[in-house]
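> What follows is each chain in one-letter form.
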Amino acid sequence: DQQVKQNSPSLSVQEGRISILNCDYTNSMFDYFLWYKKYPAEGPTFLISISSIKDKNEDGRFTVFLNKSAKHLSLHIVPSQPGDSAVYFCAASRLYNQGGKLIFGQGTELSVKP
Amino acid sequence: EPEVTQTPSHQVTQMGQEVILRCVPISNHLYFYWYRQILGQKVEFLVSFYNNEISEKSEIFDDQFSVERPDGSNFTLKIRSTKLEDSAMYFCASRLTTAFSGANVLTFGAGSRLTVL
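Residue numbers (the working numbering), protein chains in the order written: chain A, 1 to 114; chain B, 1 to 117.
Calculated from the structure, these hints are not laboratory results.
A few of these clues could be false.
[Said to hold, decoys possible] DSS-like, lysine-lysine: derived pairs with alpha carbons at most 30 Å apart: (1) B/K42 - A/K56; (2) A/K5 - B/K42; (3) A/K71 - B/K42; (4) A/K56 - B/K83; (5) A/K68 - A/K5; (6) A/K37 - B/K42; (7) A/K71 - B/K83; (8) A/K5 - B/K83; (9) A/K37 - B/K78; (10) B/K78 - A/K56; (11) B/K42 - A/K113; (12) B/K83 - A/K54; (13) B/K57 - B/K78; (14) A/K68 - A/K54; (15) A/K54 - A/K5; (16) A/K68 - B/K57; (17) B/K83 - B/K57; (18) A/K113 - A/K5; (19) A/K37 - A/K54.
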């Protein structure tokens with residue numbers, strides 16, 4: 001049951017360039033989306049989120065774009081830095097579901113080369 | 001910065017043995033979760049817990065699994081009779097807000113690696 005998909009298992013970019021990580025979802029009931037970053041031997045760390053009433057949310061070098069009609073979201077990192085190298089997980093939820101569980105994608109491993 | 005702490009960081013057990021993984025969520029959080037990640041796979045939801053009861057559980061969370069909040073601080077995951085396929089990293093998470101606050105951000109612990117031999 002792959003409700004959230006990240007089709008690129010890995011991405012390599014040059015330091016200073018833009019990193020674009022993509023995520024697709026199938027459940028139209030999802031209304032809140034998040035990106036988490038994960039280093040080896042650590043838990044996922046919250047990065048940025050977006051509600052379905054918006055199409056863009058920006059926080060410093062990180063911007064998340066949401067295209068509801070395409071059921072697609074993306075994370076842009078500009079400029080990319082070597083410290084951004086990690087696995088990035090997209091997650092989706094139903095905001096008014098009291099359980100509040102997140103459904104995660106498979107993750108994309110980002111490698112930023114100096 | 002407040003954090004979710006998990007113990008043990010790594011546990012090795014024999015198949016059929018009982019395992020208890022422990023978590024101390026952030027103190028004023030209201031919602032608690034367990035997730036797991038089998039090596040190389042995605043982070044999967046197991047169970048959510050609110051107001052001293054399970055609010056939702058996945059198909060993975062069968063009768064071999066149970067959760068408990070035995071006191072005001074700890075949140076535990078028990079696996080009664082471990083199987084080889086239970087080998088995974090188990091993450092505890094907690095959340096402060098109600099859904100109606102407009103945010104649904106879970107804070108995760110560093111995880112407990114379970115190896116079943």
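> Output the indices of the hints that this structure fails to meet, ascending.
Numbers 4, 7, 10, 12, in rising order.
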